[in-house]
Each structure stands twice: as structure tokens, then as C-alpha cells.
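There are 2 protein chains.
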Amino acid sequence: MNAEYDIIIAGGLLLSVSESVGIIENPVIGIRDGRIDLIETMKTGAGHSYRAKETLDATDCLVMPGLINTHTHLPMVCFRGMADDLPLMEWLQNHIWPAEAKHVNREMVYAAATLAIAEMILSGTTTFCDAYFYESSVAKAALDSGMRGIVCQGFIDLPTPNDPSRITEVAERFIEKWQGKSPLLIPALACHAPYSCSPETLSSIKDVARKAHVPYTIHVSETKEEVSIIREQYGKLPVAYLRDLNVLDRRTIAVHCNWLEEAEMDILSAFDVTVSHNPESSLKLAAGIAPIPKLLQKGVTVGLGTDGTASNNDLDLFGEMDTAAKIHKVAEMDSTVMNARTVLNMTTIDGARVLGLDDRIGSIEVGKSADIIILDTNKPHWIPLFNPYSQLVYAASGADVVTSIIGGRMVMRDRKLLTMDLPMIMKEVRKIAAAIGKDFST
Amino acid sequence: MNAEYDIIIAGGLLLSVSESVGIIENPVIGIRDGRIDLIETMKTGAGHSYRAKETLDATDCLVMPGLINTHTHLPMVCFRGMADDLPLMEWLQNHIWPAEAKHVNREMVYAAATLAIAEMILSGTTTFCDAYFYESSVAKAALDSGMRGIVCQGFIDLPTPNDPSRITEVAERFIEKWQGKSPLLIPALACHAPYSCSPETLSSIKDVARKAHVPYTIHVSETKEEVSIIREQYGKLPVAYLRDLNVLDRRTIAVHCNWLEEAEMDILSAFDVTVSHNPESSLKLAAGIAPIPKLLQKGVTVGLGTDGTASNNDLDLFGEMDTAAKIHKVAEMDSTVMNARTVLNMTTIDGARVLGLDDRIGSIEVGKSADIIILDTNKPHWIPLFNPYSQLVYAASGADVVTSIIGGRMVMRDRKLLTMDLPMIMKEVRKIAAAIGKDFST
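Going line by line, the protein sequences match chains A and B. For the first sequence, the residue numbers in the numbering used here are 3 to 444. For the second sequence, the residue numbers in the numbering used here are 3 to 444.
I should point out that these hints are in silico values taken from the structure, not numbers from a laboratory. Mixed in with the good hints, there may be bad ones.
Since the list gives no way to pick one copy over another, a pair counts as held whenever it fits inside one copy or between any two copies.
[As the list claims (entries may be wrong)] In the DSSO-like style, the derived pairs of lysine-lysine whose C-alpha atoms are separated by at most 27 Å in a straight line are:
1) 440 - 429
2) 296 - 226
3) 418 - 381
4) 433 - 418
5) 296 - 142
6) 440 - 418
7) 55 - 213
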């Protein structure tokens, strides 16, 4: 007889994303104290039993690591569908920024982030990396809902430049407030972009992040225009500019990277900077297509992100994987690039690497945190199941996820959210949205 | 007191896709004898009631026309995920064609088509246009499951050319067999492509289609290589070649059209040929991106299709809409092209136009056939709901569809399929797939 586990998952198909564990048919996965403590093939015959407080039967299901969203602006769920199909700058300057200036506050951010977390859990995400304002409210939403999150307090020098010493203090205080608060929560810092932050802001915020050993995220070369702005202003390409400001290292996450020249890719590779690829947002905004296959060739670690819902318009990483796998094939006119396994890695183990959490999450291995999702595969679009990687990337949907465990705690079971009052949160965000809607209804 | 309806749908939000009906909050839709007989805003107060055999409460739901998939190869669900991320010709010649040669038969086509129909209904599709071999089995699957379908018997001269008089007879017999059999079923004809069919096959099959007043579908310029083949062989661009063979008219559906020159678009427009756009398949195969915004400017009617699941790998038109709306924005570097409404039209009224069925389906209007789907919008990714077109194209998922009515008959209610034995069909296709899998497992 084995010792007692908190949760046993038994049956179905385990896709571990771990090279050593591989794929196991009919697995038994034991979870204890938030961690994966046992992985084995189910023994048949009499006398084999596992004692557990809770046993999940995964027959006809696929068990895999929870998905990792490396770039979000969760509170922007309130702006979902508010202003679509517009030119990027009109969208940003005439719709998003004015709505943010008027409606973003502590309470809005908390309610919206909670709704966004519900949407993420319902579509298989167990870890996010968010950057926004009032980020303490995002942190609180994550804590309250049992979600794993990297919460980046955001900084931007538009419309008015910040006083570097003041924002340094704000950044330090934010990290102090949240560091060590929960094993699921990591505070971090974000500068909006090279074109929207002063050199002082870019480097002083990185200094704080470096001292605190936390991630630093920044939008890089999302649009062609941004590259021109930096070239004109500083006589350099954006990545070289950031290198010269000393903000590039293993803990810097460069988001988008749609317009990189080869020399910039080499810099990212040399400085071990990781990249968050958000294909759906960049397609929808007509921003561009990042040179991901080339970055991979150069050894850069790439994770996937959805970006905010105002430019996506959902937080479903299954859709994002499908798009990521397809768009580069046509961009390179080569159907062999970005194969299903490569793309699945981007939302699991490589996503974890981007966030510096690959020792804890991103695959199902003994000793790692129990961040696990279970998908119901007893559905027509799962038949036949020749290749689970292909199925997950090209055919699965977020709605296939039935159960989700984060850090050993069940947050969803049979599609019921266990850690939040969903009807109340939906009502709250609908109320906020009604106020936003009044501004642009005629 | 009103007369009795077969079905009343009451409440929620009606997105009719009809210019005259528009969007109605709190609608009442009455269905009688397979047709939409009543559309009005729900009257409040006492004394208002609607007598119906069945009443569907659509509170917190969106009601809209069922989606139309203008290009499928349904039986290929058996090859889903069998050979992904390969070069197109290797995929086709070393995997798909040999598997087809060995495993495609009447029984396989019936079982696979039924599974595919289940997948389509579960994701909101109510009409498909299919082209394959043993198409009578697809017709039978559609009839048995209450699905609306255009079933095209397919012709190809690879590996061996057909005798034109023999295939003419086959084509005529196929149409005779199915024409008038059911109001939901329309037999039609398909030639595989200009490069894979002889000129005699292309024109003799079109002659049969023309005499029978049925659609004629053909893959056109899916890859760049095909264009070169036709240019070399006939000294013309593919569309000009087809025009000169006299196969272009209002009932010809040109599928893919990824590599059209401007003069070819003008020919399609002049001959009123419609286009089936299958973006996900063409991305995945690295085949190309069709010039859809230009075709729309030239007044060509465009519908969406998923293509077969071997190159997609699902039959979910919601994902297809999302991809269609996004891919052209980045291809044209213009975020205003292919707005949500344009794309939604492609799976509804314009899809109906492509199939020549716009007098019957594609929108919710009195007198049209009751092909209606109901989506549950009481979910996080539906909040807020500023713009239902945006929501459907950019955020909704096939799994949001809860109820589906085709020709007045309920085929799905609360996600339960009512016209087929799903577990039995899944078991059957799994058995067929196991045999296919043996060929390529080591």
C-alpha cells in the first residue's frame, strides 16, 4: 500500500512534455503537497491501489501540463470588441487610451482580471504573465482565484514623462509588497516600449528588476513605425538601443518582435533574452509577423501569449497555438516549420523558460509543481487520435479542458470553477462595461 | 391567440444577418413547417402568448443563422493528424493518396461523414458542400442525420485518365439518384483541379452539371506550382484556361484561388463565379494566401470553407472566421480589411450565395428555411458584448453553440445530438482509424 496522496489522476493518456517521461498510456499521477510525487503506468491485476483524498478518473481524457500565457493585459477584457477593425493608431489613440484614462481604476482592474482568470482557467491556462497599471489588483485577483501569475507593474512615459526617482520607488515598493507572498505569485516590472518610455525609465526600472531578480518585460518592435522612431531618435535599431541601455539579459522578455533584423536576433540570442510571441494580436492589428522560425534557429527561447483581449479578442491559448503553427508556414512558404510539437512546447516548457519558471512548471515530472489540465477527448473532433501533439495544436479547443489543477489545488472540475463566484464577477464586469459603452454609443 | 408553431425561440439576442431584420433584442421567432414564419420583438405585459409544440428559452443566448461550410472533404476525418507538418507533395503523394487508395470505401465514407457531420453540428454548421469519392455515402450520412448538404461526386484523372463518356454517365446517374430526394440534399459535381483533370473531363462534367442546374466545384490555383503546370501545358493562366473550356458560370465554385492574377479575378467577376476561401488549410499546407479583399472589391462572392480535416485539422467555422479576419489584415498590412461583419457574412448569407441557396438559407427572415443556431453567451469570453459581430468572429468558439435547428428540425439541443448514435459512430471511426494507423506505425 502506498502512502496517501492529495490527488490521484488515473487513466487516459499522459502527454508530459518531458523528454524523460514522454507519453504514457493509462498513467497514474500522484500529487502531494502541491507537487507531482508519482508518475507511473497503471498496474493491472489485484492488490494495486492508491490511497488519495481525491481520485480523478481520466479515462477517455488527455492529461498534460497547464498552459502558460507569457503576455497578457488582463484588465483589458473590459475593452473586448469595443473598437475592432480600425487602424492601429486610431484604435490606440482614439479608443483604447481614452477609455483607459477614464475607466481604469483599482476596482475595475480587480473585477476584470478575475473575469480574465476565469476565461483562462476555462481554456486550460494555469500561468499568466501580465503587465498593466494598478497591477496590485491583478495580483490580488490571482491570489484570490488560486491562479499562478507573474504580475508586472507597468510603466510608460506617455502622455507625460515620469520622474525616474519616483518610478524607481514605485517599482521597489510594488515588488516588496508582493515578493514571497505566495508561491503562485511573482511580482515583476514592465516598461511599455522603447518608443513610449524614456531611456532613463527603461534602464532605471531594469535596475530595480535586476536587483530583485524578477522578470522585466517590454514590447519590442511591434510595428514597423516603432523601429523608424527609434532609428530616427537614437540612430540605432531597437534591440541594439536596448542593449546599449543595459536592459538585456536572461530575465528580460521581449514581446512581439515583429520587425527584427538579423543582427537584432543575434543580440537577443547572445544576451539570452527570451521572446513572447503573440501572433493573433499582431495579425489583427496588422502589426506584422515575427520571424519566429529564425529566432528558434538562433536558439532564442520563445513562448506564446495572447496579448490583451482588445486585440485578440480572447485568452484561449489553443487558438493561439493553431494560429502560431499555421501563420509561419505560409510566411516561410514551408509547411514543415513550426511543427505541432514545437508549438506545444511554446505554451508549456518553453513558456516556463521564458518566465524563468522551468524548474517548477511547464511539464509533468516528479518534483515539479502540480499544474495540470485534463481534456475530454471523447468528442468527434478528437477522433482519430494518431498524434496528440497535432490534435492539441490543430484540432483541440479550450472548451475541451474539463479539470484544472494549479499548485496542487483543483481550481476547475468538470468545467465548474471552484475558486470564484463566477456569476457575481460576470455581473460586475457587465456593469463596468455598461459605463464604458455609454461613451461610444450614439 | 396566435396559431400554433412547431417551435418558438424566445428571448436573448437575434443576429439575423438580414439587412431588413437586423439585430433584435428579446426576439420571438416562430417556426412552422420547416420555415421561419414569425420574427418580432417579444411583447411584454399580459395576454401575449405563443402556442407552440416546443418553446426554446434563449435568454442569455445569441440566435443566428446556422453556419455554411462551402468546402469540405468530410470522409477525410479518418486522416486527421495522420501526417502533419510535411511538405505538401510528400503529404499528398506519400500519405494521403496511398491511404485513400487503400482505405476509402462505401462503409468508411458513410461512417466518417457521419462523424464529420456530428463535429459540424457541434460547432454550429448547418450546411456543408462536400466533394469526395463514394459521395452517395456522404449523401446518405447527411440524410440520416438531418444535415443540409450539397454533395459533389468527385472526378480526377490521376493516376489514370477517365473515359469521358463513362464519367458523364456516372455523373448523370449520381445526380438522378439524389435530385429531389430531400429538400435538404442537393447533388452536385466536382472536378479535382485543372492540373489533375483532363480538359475533356473538366468540360464534360460541367456540361452535366449545367444541364442539371447543379453546382460544379473545382480547386483552382491552390499552389504556385499548379499555376506553372497549367501555363506550361496550355500557355494560359488557370482561370483563363477554365473560361476557354466554358466551365465558368454562376454555378461554378472556385475553391482556394490562392494565386490569382488580377486578370483572372476580373474573369471570375465577369462570369459571376463564386469563391470558396479555406484560409486555415492553405496556411497549414503553406499553399498561399488568397487575395480575398481584392476579390471582394471586384464584386466576387466569397464563402468560407474548412477543407478536409487532414489539412486543417477541424471543421469548426468559428476558428476559420477568426483566421480569415486576421490573416488578410497582415497580408495587406491594413487592420481595416475583412472586418468582422464581412467575415460573418462569408459563413452565412454569402456562403449561401456561393452555394446558390441564398433564397432559402443564410439569414433569419420570414419565409426562409429554419436553419438556426443558438449560442450560450453567459460565459466569460462573451463579456462584455459591445459588438456581436466582433464577438462571433474574434472570441466565440464552436463549443458555445448549444442548440441547432436544420430545416425546422432540432438536430442538437443543449449540446446533445438528437439525430444520431454518437458513441456508436465514434467507435466505428476509431476502428477504421486503427486499421489506417497500422500502416504507418512501426
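Okay, the hints, checked on the actual structure:
| no. | hint | in the structure |
| --- | --- | --- |
| 1 | 440 - 429 | within (17 Å within a copy, 52 Å between copies) |
| 2 | 296 - 226 | both (18 Å within a copy, 24 Å between copies) |
| 3 | 418 - 381 | both (19 Å within a copy, 12 Å between copies) |
| 4 | 433 - 418 | within (23 Å within a copy, 33 Å between copies) |
| 5 | 296 - 142 | neither (38 Å within a copy, 48 Å between copies) |
| 6 | 440 - 418 | neither (33 Å within a copy, 39 Å between copies) |
| 7 | 55 - 213 | neither (42 Å within a copy, 70 Å between copies) |
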